[in-house]
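Chain order of the listed sequences is G and W.
Numbered according to the numbering used here, the first sequence spans residues 162 to 533.
Numbered according to the numbering used here, the second sequence spans residues 22 to 736.
Some hints could be false.
Not the full set, but computed from the structure, chain W residues with beta-carbon under 10 Å of chain G [unchecked claim]:
| id | residue |
| --- | --- |
| 1 | Val-61 |
| 2 | Thr-64 |
| 3 | Thr-68 |
Covered stretches of chain W, as calculated for chain G (at least 3 residues, CB under 8 Å) [what the hints assert, rightly or not]:
| id | region |
| --- | --- |
| 4 | 245-253 |
| 5 | 260-268 |
| 6 | 700-711 |
Please keep in mind that the hints were generated in silico from the structure rather than gathered at the bench.
Ideal Cβ placement from N, Cα and C applies to all residues, glycine included.
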Amino acid sequence: MRSGVSIASNWRYFDFWLLGAVILLIIFGVTMIRSAVAGNIELAELDLVQRQLIFALAGLVLMIAVAAIDYRLWASISRPMYVITIFFLAVLYIVGSALYGSARWFDTGVILIQPSEIAKIVLIMVLADFFTRHMEKMGNLTWIGRSFLVTMGITIWILLQPNLSTSIVMLVLWFSMLWVSGLRIRHLLMFILAGIFLPLIAFRFMVDYQQRRVLNFLFPDPNASYGEIYNIQQALIAIGSGGLLGQGYGHGTQVQLRFLKVRWSDFIFSAMAQEFGFVGVVVVLAIIVFVILRCLRAARLASDSFGALLAYGVATMIAFQAVVNIGVNLNLMPATGLTLPFVSYGGSSLLSILIGIGLVQSVILRHRQLEF
Amino acid sequence: MTHGQSTIRNEVQFWRILVFVILLGLVFTLFIVRLFILQVVQTADWTAKAEENSTEEINIPSLRGVIYDRNGAVLAENEATYNVVITAANLPDDDGAIQEIFRQLSHLIGVPVNLNEISVDNPYVPCISEHGIAQIAEYGESSTPYQPVAVKCDVDRRIAMIIQEKSVDWPGVGIEIQALREYPTGSLTANLVGFLGPVPAALEEFYVDQGLVPNRDKVGYAGIEYQYQDVLAGVNGRRLVQTDVAGQELRDVQPPIPPRPGLSMRLTIDSRLQHAAEDILRTELNDWNRYFGDLRYTSGVVVAANPKTGEILAMVSYPSYENNRMAKIIPAYYYNQLINDPSNPLLNHAVGDVLPAGSVFKLTTGVGALNEGVVTPDQIISTPPELEVTERYYVNDPGQARKFVDWNKAGFGHLDFVHGLANSSNVYFYKLGGGYQNEVPNGGLGICRLKTYAAGLGYGEAAGIYLPDEEDGLLPDPTWKRITHSESWSSGDTYIASVGQGYVLATPVQVLYSAMIVANDGKFVQPTLIREVLDSNGDVVPMWRNPEGDLVREPTPGSFQVSPFEPHVKWDLTVDPIIQEFGETTIRGCEPILGQTKTVQPWVFKVIQEGMRLAVTSGTLEKPFQNSPVLAAGKTGTAEYCDKYANALNKCIPGNWPSHAWTVSYAPYDNPEIAVVVYVYNGQEGSSVAGPIVRRVLEAYFELKNIDSGAVQTP
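Next up, chain G with everything else stripped away, as it sits in the complex (with noise of 0.2 Å):
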């Protein structure tokens, strides 16, 4: 076939560029848990490093074998695998509030799965298919609210566990997705109106408590949650006292005399950055911005839409949480759980988003040659 033969995988075309910029931002990750926990002897009996390594090293060998897979399996098989990821979110849901009230964990004996982490993959693939089939109707409402039916039959069972910041992972994924798959400015503006109106009608239906919540979430109450500010204030401190070249690694007192909390995983922007500086983080998120942009030209090379949306989801989902990480962390948004892309500690969160990248090397690897 024709079509077959111009988009036939070719390791020349295997992005060695992203390749090197994840493997530079998970050896940054690893050395800066390394002194995240050292002289905490909890913390070291655990051997974060050496679980966050094998994690890596796994990830990068499931990256390779993603990467040789044709990406386009994935469109053919998405809908089983919608339905097989719904089915173990609902196992998990269902059996885990009846054992211990709520679960977020699939304790395979050997390792602890977060499923909620390989459903945003799931969820890229499957709203890439989605998108490809239907790319002309989005235009018609009634198109963008079945994709968004489609999103809310995983991240269901998501919003339920409780976890409510995966679950915008999971919504900025399919807004996003839908953006690029054409969405029309009007329906944009018309998104963003009721974003900003919706909630307040909702908010009136809500009971007592609901509405209690969703004030605490929008504006914490600064005595109620001593807790959360004390830790923004500490991350602040310790980005603040690093200064333009850092404290030096090891040396940083925030992160050393755990002044920091989670400083090996959500906190570990600040720790970074008080033991490398401004000018260390920078470099740190000039790597990121690279990573995304190399997904982002994955998604302009890939030979049909699907690869393109899967690559852009990929880039997308890396995009939100390096940003929503980092905000938190600048203390330009509320405090929330996602973890920075690579250089957290986290093995499913690594794993999954390792799978994503193996992904847009699946696509650069089998991207239109534009020399015939």
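Fit chain W to the given chain G structure using the hints.
Structure of chain W alone, referenced to chain G:
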């Protein structure tokens, strides 16, 4: 196939990706701006906060100096007390193990494992609040896991030893040694040595500036402890340490400044003489009270000093209080009891009570009259039982006749000076002080000259013995009376002032000073309580007292040496012209002639000494000193008073007021080495109540001297 076509073509519009890129670029630019502000512009502020986070100042208490008597007997020292403490971070991880430790510890020290949750209403106050071991440990864990918190204070040594031995089995449980002030001589020297208390709220800022820690460090509240707080306290040490988030000390940020222990003080007091004097005073008063079957004599003072050196050898103010009861906290009920006691045990009456001096003040009138030539020693003056004088308020006042009676209702007939003094004839001294017709013309000595001589003999101003209660006393003059009483000075006021009554007020030590000056031929040697200031090695620290009254390490202009002790002559009346000359002494006021001062002729003191010796051999002190081996000279006083307590008992009957008993004496009369004053509140008769006490104190002094010199074997 359109459908097929669309799946194999990339139909994603590039401009939509570009919008995404631009949005991303804007956000990351915002991040970099924010980072630049935090890390470059504001970095100094944040760095300061990071340092504040991780550095902690630790104040190391210094050891307070010891107070000794002149022979090295301890009057105030630091005693180690043992507090049982828990360091939450060092407790075992296992809850069961913790409970087992708490249970055993509870059994040992008697503090229940669970009692009274710690709350805002019932806060944890070390050593005072009552909480269970578990509650205190929980409090420690949540507030300061690496700092020990006290579970029980002041356990006995045996329990402390047991807990220390168990420290391996009981991780997290320990003993903290705290220094507590102890006064081995207790109430005997409480009025002199004083006591300690917590840093008062009103002075907290002042003491914190000096490096003290409120609620931990204590400061002097009375006596020497208060007066020489700066000398005794030393300087607390300081460490600046880096701590982690749990408060664990990691390292010193700066070289630690070790605490500087306080200086010790050796007083001039001989605690043996102090003990004897207190015993004599107390038993005499009790004997009289038993005799009367009435609690008539409640308080009194004995002060003994060396007139040649100014050293105070004993200073008893009775009743006293138990300063050891104030060691840990000042108990409210005990303090209130002391405050409400009419005899005011917290006051050092020897320096802090201003009283009518009575006849002991005749020494002053005598010195003045002789030196001014108002009377010659040989002049015979008639001393009828009473004197009727016209009391005038101004020069041409026709006046009113007023009677001035002698204590001896029979009268003395005719007396020369020494017999007038020895018998303490009131009429004799009225005439000297106020003048009488042609016998003592020109209004006698007069109030103005009486005042300048009294000042020369140590009255009217605190001499600088440096105790917190020290008072000035009062020497009245016409101007003072007009200001305070809106009334002119009358000739009658001069008469009664001449015998130490009326407006004249003096402290017991001032009465002693006047006798010391007479005994020392007019030389007033600075009275003092300090013999030496010692450092922690026991070496003498040279110190001087500057004109402001502070102890300093280097001599300054106008200062005199305090440590090691060296007698310092405050003034010599026969050499230093400090007696003021007055112009025409009018009834309106005293008009000093500027620049005209004079000395006292040396023979004057010889005559006074002779009169005081005569009082012991054949005068008012003859009976109390019968058969005494001590060759003393002295003067009695019976000072009428009317204070609020006497008034409340309706004892202030005109012409028959209650009176304080006084006697001041020195010995040996020809080469004095000890002077003693005794004052008994409401003691009625100087010679019968105060006289015997003086005699016994003098005898005790010489007995101790014999023991010290080896002439007498100690029993």
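Verification of the hints:
Evaluation of the W/Val-61 hint against chain G yields a held restraint, the C-beta minimum of about 6 Å falling below 10 Å. At its closest, the beta carbon of W/Thr-64 sits 4 Å from a beta carbon of chain G; the interface hint therefore holds under the 10 Å criterion. For W/Thr-68, the shortest C-beta to C-beta distance to chain G is roughly 4 Å, which falls under 10 Å, so the interface hint holds. Note: the region 245-253 of chain W has 0 residues with beta-carbon separation from chain G under 8 Å; the three-residue rule is not met and the coverage is violated.
Evaluation of the coverage hint for the region 260-268 of chain W: fulfilled, as 5 residues show C-beta separations to chain G shorter than 8 Å, against a requirement of three. Coverage of the region 700-711 of chain W by chain G is violated [criterion: at least 3 residues with CB-CB distance below 8 Å; count 0].
Hints 4, 6 from the list above are not met by this structure, while the remaining hints are.
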